[in-house]
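Chemist: Residue numbers (our numbering), protein chains in the order written: chain A, 1 to 306; chain B, 1 to 144; chain C, 1 to 221.
With a Cα cut of at most 27 Å, we get these calculated DSS-like pairs of lysine-lysine:
#, chain 1, residue 1, chain 2, residue 2
1, A, 121, C, 7
2, A, 69, A, 41
3, A, 41, A, 26
4, A, 26, A, 225
5, A, 41, A, 3
6, C, 131, A, 121
Just some of the chain C residues that point at chain A, by a computed CB distance under 10 Å:
#, residue
7, 155
8, 157
9, 168
10, 171
11, 172
12, 177
13, 179
14, 200
These aren't lab readings, by the way, just hints derived from the structure by calculation.
Using N, Cα and C, we set each Cβ at its ideal position, and we do this for glycine too.
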Amino acid sequence: MNKVSGLARLLEAGHFGVTCEIGPPKGVAVDTLSEKGSWVKGYVDAANVTDCQTAVVRLSSIAAAVHLKSLGLEPVVQMTGRDRNRIAIQSDLLGAYSLGLRNVLCLTGDHQRFGNHPEAKGVFDLDSVQMVEMVRRMGDPGEFLCGEPIRGELPVFFVGAVENPFAGSPELRVRRLAKKIEAGAKFIQTQCVFDLEGFRRFMALVRARGLDRRCHIVAGVTPLKSARMARFMRDQVAGISIPDKVVNRIEAGADPAATGVDLCVEQICELRRIEGVTGVHIMAINWEQVVPEIVRRAGLYPRPAC
Amino acid sequence: MNPDPRIIAFCCCNCAYAAADLAGAMRASYASEIAIVAIPCTGAVEPTVVLAAFEEGADGVIVAGCLDGECHYKSGNLRARERVNVLRSMLETIGLEPERLEMYQVSAAMGTRFAEIASEFAGRIRGMDPSPVRKPRGEGGEPG
Amino acid sequence: MIVAEPKSFGELVEMVGDHRRLLVASCSGCTAVGGVGGVRQARELACALRIHFRIRGVELATEVAGVTRQCDPEFVAELDGAVDRNEAVLSLGCGVGVQFLADRFNRVPVFPGLNTRFAGGLTAAGIWEEKCRLCGDCILHLTGGICPLTRCAKGILNGPCGGSQDGLCEVGDGMPCAWQLIYERLSSLGRVGLLEQIRRPRNWADSGGGPRRLGNGGAGE
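Given only the sequences and the hints, what does the whole structure look like? Please build it.
Modeler: Structure representation (structure tokens):
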């Protein structure tokens, strides 16, 4: 069993990382999960496993990560504070570590109002910043949140967090990013970037504070499958900024999905040129099979061994 | 049907009450079932007063105040209108038809109009069953 | 103040059930100020209940009693005689008031006439908004006088989350993002550096161990 995260070793070695996202099934059909895993295997350095994203009940992220790991993928376990208090989070993470999982992405979590149980009580005992710090301290110096030492082998995770460069003032976002890094985040995956100009301005602020030298910034991308999806994400999804020219190009294309992939590949090439961006995170929503094509065409295949 | 309705009209003495007076002076005839109560302003008609009228067996209640912009206390009539709206939905909740309560706005010079309103409302109430709150009268005036 | 709203009429009718003599107890504290629990509302409600039961062929007798503050045993005691004359009590106090009444008058059922909602105040004509979660560990000096625990949909202490957009919360209803407000307030105060301090997880121990208590029972006065 690997003691250390493969994703960490790869990023630390200076490689431009490629991660993707896999949503667990809304049931126990693990074969669909394995199928998704087999599509992306070899094309990504790690695959995020979402934790009941948009507050919809799905197979647990830790269980799904174990299934993917058995296929030879390196999972990133997403962990939100929406459904668990500090006791449950620490307990689940001990379990995750014991199952060989080494990467954790800490999120506050989408509000339960958006999911399929809007009547649920949101826990939110810890926010993402507090969770990052807690997970970091479980590994170093090796204690629970209460300060009690953890005996024996320490659960040393490669701790990540997310950032949305487009949620409100960039200046405020960067201040909060600084907090997450201060708390111990070693990699940051961003919300999907369509507005490259906005993202460049955000990265300039990140570099001005030297934050890019303290953690790996992995820029998010999403291939748009149709004009309808583009318009929906532009108009309906909070915290996502899609310039009209992107939507127009998808609308004008004879094959919107092919245009979406073209755009995604171009965006990755642009993102690679931005100083401080050390990887790309491909969120192909319900379209995981397109990941290999994107990775190949972006010149990121084959992946280095880690 | 209700051939013998009991109707209370809370009339502002600055407008509707004077209009009723004028109707009388003009010999304009209107429904005799209406008992007029003079009040200083419709804004002073508290919900409990209207409810009390219904509890005592009124089949219909009118609140009659000044035209918009002519309230002697600036906005008493507007408040009354809002209250009447609230009361109408309350009547429905507790089991009375909201049509049993109505707000009208007239000026002191509108004697004929007052007579019309009074007759029209009395007609409406006559067309409805007696109030279910109304205690049956001794000599068998129960709803048929 | 404590902000409450009336329960539905149907719910109250169900509570009153077969009781034929009902004491409606108002409260001149918060719920009267809020326009839902004063003597005037008690009279209206009593009359509405009488009319409703009359329509159903049942005579309900009501008595209205004004209580200065239902959360104070001294004022609650003034109801002793009125309670003796009735079969049940309908309280227009907040949840605190209902419990004080129920504790003292344990021979008759005490019904809540209101749903007690939150601690807040008027922010516009007829609009009440929650302002305080009564958490017992105030941090308003660190957040520009804006409570994130109450006013952020996730109650997070290191915000804003990624759902903040154009100053609005992702949860919707036009609700402002509390952390955007805090950012703006701290900026205008020249104290925006406070945002970069990591706020540690809260101590919730005080809120989960049965009713919270305060005071030393008068000892050492």
